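Position chain B against the provided structure of chain A, taking the given hints into account.
Protein chains: 2
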Amino acid sequence: AIRYLSKRHQERVQLIGDMLLQEDFDLVLLQEVWSERDYSNLKAKLGGCYPFSHYFRSGVIGSGLCVFSRFAILDTLLYQYSLNGYPYMLQHGDWFCGKSIGLIIIKISGIVFNIYVTHLHAEYCREKDAYLPHRLVQAWELAQFIRHTSKAADVVLLGGDLNMHPEDVGIRLLRGWTGLRDAFTEAMHFEGCEDGCTLIPNNCFTVKTELLPFPLGIRIDYILYKAVSSFMVKCEELKTTTGTAPGMDIPFSDHEAVMATLHIRRQGQAVGANLGTAEPMLADVVTEARTEVGVGLRAAQRQRYSTGRMAVLALLLLLLQAVAALGVLTGLAAGKPFPTLSFSLLAFLAIVVLLLATGLHLFHTIEVKMLQGTEEQMRMALRVLQERP
Amino acid sequence: AIRYLSKRHQERVQLIGDMLLQEDFDLVLLQEVWSERDYSNLKAKLGGCYPFSHYFRSGVIGSGLCVFSRFAILDTLLYQYSLNGYPYMLQHGDWFCGKSIGLIIIKISGIVFNIYVTHLHAEYCREKDAYLPHRLVQAWELAQFIRHTSKAADVVLLGGDLNMHPEDVGIRLLRGWTGLRDAFTEAMHFEGCEDGCTLIPNNCFTVKTELLPFPLGIRIDYILYKAVSSFMVKCEELKTTTGTAPGMDIPFSDHEAVMATLHIRRQGQAVGANLGTAEPMLADVVTEARTEVGVGLRAAQRQRYSTGRMAVLALLLLLLQAVAALGVLTGLAAGKPFPTLSFSLLAFLAIVVLLLATGLHLFHTIEVKMLQGTEEQMRMALRVLQERP
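Here the protein sequences come in this chain order: A and B. Counting from 1, one number per residue, gives the positions in the first sequence under full-length UniProt numbering. Counting from 1, one number per residue, gives the positions in the second sequence under full-length UniProt numbering.
Check before you lean on any hint, since a few could be wrong.
Stated by the list, open to error - DEER-style ranges, computed between Cβ atoms:
| id | chain 1 | residue 1 | chain 2 | residue 2 | range |
| --- | --- | --- | --- | --- | --- |
| 1 | A | L382 | B | S40 | 32 to 42 Å |
| 2 | B | L90 | A | R3 | 28 to 38 Å |
| 3 | B | P213 | A | S306 | 44 to 54 Å |
| 4 | A | R3 | B | L326 | 43 to 53 Å |
| 5 | B | D18 | A | V384 | 48 to 58 Å |
| 6 | B | L326 | A | L329 | 27 to 37 Å |
| 7 | B | G93 | A | L349 | 27 to 37 Å |
| 8 | B | E23 | A | L326 | 19 to 29 Å |
| 9 | A | A44 | B | D129 | 35 to 45 Å |
| 10 | A | T185 | B | A72 | 27 to 37 Å |
| 11 | A | A322 | B | F343 | 13 to 23 Å |
FYI, nobody ran anything at the bench for these hints, they're computed from the structure. Keep in mind that this is a model prediction, so the values were computed, not measured. Virtual Cβ for every residue (Gly too), placed ideally from N, Cα, C.
Just chain A, with the same shape it has in the complex:
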């Protein structure tokens, strides 16, 4: 929902508000609410039904994440992903959103819920996905953040637009490393788009060409959950919207909404927190992810090098011009007309290139550091996995 840019934006925010009022959920996790004014309007409208809400602020535009709840929000925390695309990819714009993880803590009948909402970097080209290493770093940070912050929670819930297909390495990493289970595969009853797809061709706001290899659509929005300590969660029902909103000519959004009914039960005996995937398999997933991060690291190192070289060349050009100008001023080239216009244009060009290349060099230096850091964390995780009896 980008103000002034998204098609029929106002109308759709209103439709979403109406639907949330009518369905009367316990908890609503929204992504891509880019405008705080839309959030405020929704908050005013939904106040009666969802008295508690929170908007996560970050980046230039905002994180787009917000939460509406029937239960009091006891605490919140925001974690901004360390990598999130490139500032110069203006047409993709992910960098400006300050993509983050939002955490809220609520308590229902004495059960502590850690609720996470997030939105990972988009995938613009599946065949040649330049953002895969960034999205993998995000998936890893998401898994690590959940593991480290959920140790006192009874139930962990994650909802959001993960921009990953169910079989992608990032989602296997996230599920394996946190032990979260996928509501779609666990649901006892399902109703909605075939295969649980959330980006479908039968939605007038999706880009049809991107979905050509997937005639049914793709499933990239998830509700994941797990119970730690002595609780059990079951997904009784999972539903998705199916394109056009009931009685309207447009859908609520380009993505289909995912709605889960969860049943939470106290168990007799406490079961220790365990990982979701058998450990030898998990080690393979971490290794696979680490390889992809390594590919990204080498690309980032190349870009750091080439932008650094560009900056040095621009600096040399400027120095050369300074020497030439000095030559003219000291009268070495007296008599010859000085080409003022071309000279100043060239200097201008050199300064612009110097500034841009320096900025990019700094950016790619940060990128290299974060990819190295993630690779090392993954190596440590592998060591811990291998050392376990």
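Chain B in isolation, oriented as in the chain A frame:
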């Protein structure tokens, strides 16, 4: 320890390594190790005594944080502060460091330790501290991060350069909101600089003029701790270095090292985690911090506005020039000589101002969002504090 810039840097890193080998600590938390090469050298040197270590990578230069440990590091997590000074304050340089919190988890005799190491934004002018709101946001994020990630820990330890005096609002907020206790005030035995100061005039690397109002020096480096669950921590001894290293003519660093001997004991009955400050007092501290964050917010909003206006003016100037150039091209001012040099210089100036002002505007937009987010989190904390019976 900035390579090529810091005075007698090589010698001092070596001195620090020698001292760590000789003293044979259990755990060492270092800040301002800006060069990864220094870390690698230390790691090679200390490998026998401290077989486990971790360097936290972030920002352009690095976080400067690293850890050496006699015990296996089971897990790590990095949290980068959302605000950390201004990129254009090159002389202060904090922004480039990617100031962060490093978390490592270790286990000693079955006791789980969450160890945090951090370095907050420096204070350059105490009378007119432009960075106070940023440092307060960092103190708040530090407190929130510790609270959310330490729920399964038996013992929490925080060490680092907090750049705050013991009575400052940031340190009161941190201690009050996490329940951490100050090793200096709790120590049964103390040995070192008077008042536990860690930045003292009697150290040849400190800036004497900054310490003029504090003849004894200031205490800005801390070891804080608490035990959750059924454990008790006591600080048996606290020591600081005292300027010049033994037998040398230079100190190890511009800050004095803080060394604590902690005694950890299992307690008969579990005591619930509690806050460090009586709650009505804590509400006052949060209110005081929120007021300061509000002051920073208004300053950031003013800067966002003025940089935005500057960008618009530069754009208007460029448009005006374009109209003038069109006028010349279409022959409206035929006959008059066109001032090529001044024209291109002016265009160059306008473009540079436009680029810089736009960049700054985006930066201050992020700053406003983060300050608003922190203010709101603090408001929520106040509500929770007030609602408690």
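A quick look at each hint next to the structure:
1. Between A:L382 and B:S40 the beta carbons are some 21 Å apart, a value that contradicts the proposed interval 32 to 42 Å.
2. Here the CB-CB span from B:L90 to A:R3 is close to 36 Å, well matched to the stated 28 to 38 Å.
3. Take B:P213 and A:S306: their Cβ atoms lie about 50 Å apart, and the range 44 to 54 Å holds.
4. Taking the beta carbon of each, A:R3 and B:L326 are about 33 Å apart, not inside 43 to 53 Å as hinted.
5. About 32 Å separates the C-beta atoms of B:D18 and A:V384, a value inconsistent with the hinted range of 48 to 58 Å.
6. Checked against the given bound of 27 to 37 Å, the beta carbons of B:L326 and A:L329, roughly 33 Å apart, stay inside it.
7. Distance hint for B:G93 and A:L349: a CB-CB separation of about 29 Å, consistent with the stated range 27 to 37 Å.
8. Hint check: B:E23 to A:L326, Cβ distance near 58 Å, so the stated range 19 to 29 Å is violated.
9. The hinted window of 35 to 45 Å between A:A44 and B:D129 holds, with their beta carbons roughly 38 Å apart.
10. Separated by about 36 Å at the C-beta atoms, A:T185 and B:A72 satisfy the suggested range of 27 to 37 Å.
11. A hinted range of 13 to 23 Å holds for the C-beta pair A:A322 and B:F343, which are about 22 Å apart.
Of the numbered hints listed earlier, those contradicted by the structure are 1, 4, 5 and 8.
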